[in-house]
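Taking the hints into account, I'd like the entire structure generated from these sequences.
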Amino acid sequence: GAGVSQTPSNKVTEKGKYVELRCDPISGHTALYWYRQSLGQGPEFLIYFQGTGAADDSGLPNDRFFAVRPEGSVSTLKIQRTERGDSAVYLCASSLYGPSSNEQYFGPGTRLTVT
Amino acid sequence: RKEVEQDPGPFNVPEGATVAFNCTYSNSASQSFFWYRQDCRKEPKLLMSVYSSGNEDGRFTAQLNRASQYISLLIRDSKLSDSATYLCVVNMGSNTGKLIFGQGTTLQVKP
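Here the protein sequences come in this chain order: A and B.
By the numbering used here, the letter at position 78 of the first sequence is numbered 78, and the numbering carries on one by one without gaps.
The numbering used here runs 115 ahead of the 1-based position in the second sequence.
To be clear, the hints were calculated from the coordinates, so they are not data collected in a lab.
Errors might be hidden in some of the hints.
Listed below are the simulated DMTMM-like cross-link pairs for lysine to aspartate or glutamate, each with C-alpha atoms no more than 25 Å apart in a straight line [claimed, not checked]:
hint: 1; chain 1: B; residue 1: K157; chain 2: A; residue 2: E103
hint: 2; chain 1: A; residue 1: K11; chain 2: B; residue 2: D154
hint: 3; chain 1: B; residue 1: K157; chain 2: A; residue 2: E44
Covered stretches of chain B (in silico footprint by chain A; criterion: 3 or more residues with CB under 8 Å from a CB of chain A, positions within the stretch not fixed) [said to hold, decoys possible]:
hint: 4; region: 155-162
hint: 5; region: 176-190
Note that beta-carbon positions come from the ideal geometry of N, C-alpha and C, so glycine has one too.
Below is the structure:
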């Protein structure tokens with residue numbers, strides 16, 4: 001079946017601009033996660049959704065970052081006033097039931113470059 | 116101190132070699148543990164979960180020492196296709212899906 005998909009695969013934007021990154025989880029997965037991975041580092045947790053609600057947003061670095069999942073399926077990560085330090089690969093993952101379901105399936109990521 | 120620490124390597128080994136990776140974690144409340152594999156410019160994929168009793172999956176053996184807060188991965192009879200980055204991953208508990216990743220250890224298997 002289809003895995004987690006993310007669009008766009010690459011995004012180049014200028015400093016100060018607004019960007020939206022989209023994640024389409026595996027059908028039927030109730031839990032959705034966003035991570036950010038910088039070069040040479042492991043993924044860093046940003047936010048976790050259970051259904052439509054953000055169950056844990058402790059990883060969002062500041063208030064320029066916001067994520068929504070209005071219908072409990074597709075999620076959008078929104079970054080305002082982008083900075084060069086936001087450049088990274090943004091990974092989305094989903095799992096069937098949430099924290100008790102061990103395996104998180106990752107999408108291919110969106111590579112964001114802020115110039 | 117990082118929450119999950121790994122030696123980034125790279126580990127360069129010949130085909131057929133046995134190689135071991137280690138990882139330490141700082142939070143004693145951590146509840147579940149995993150090894151993920153990540154190929155260059157690809158997404159991480161679950162390799163195996165790690166249980167207190169130790170577990171094996173083919174050529175791969177994972178072990179957990181809760182007292183020392185230490186996790187290991189052993190790969191026997193290395194194949195060229197094992198070349199990748201291996202990420203040590205910790206989950207803090209049942210109320211959060213937050214996975215904490217180590218930096219990753221890079222393995223290069225040479226013919």
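We went through each hint and held it up to the structure:
Taking the CA atoms of B/K157 and A/E103, the gap is about 17 Å. The hint holds against a cut of 25 Å. Taken as a hint, the A/K11 and B/D154 pair is honoured in the structure, with Cα atoms around 21 Å apart against an allowance of 25 Å. For the proposed pair B/K157 and A/E44, the alpha carbon gap of about 16 Å is at most 25 Å, so the pair holds. Counting residues of the region 155-162 of chain B whose beta-carbon sits less than 8 Å from any beta-carbon of chain A gives 5, enough to reach three: the coverage restraint holds.
Three residues within the 8 Å Cβ limit are the bar, and the region 176-190 of chain B against chain A gives 0, so the coverage statement is violated.
Taken one by one, the earlier hints fail for this structure only at number 5.
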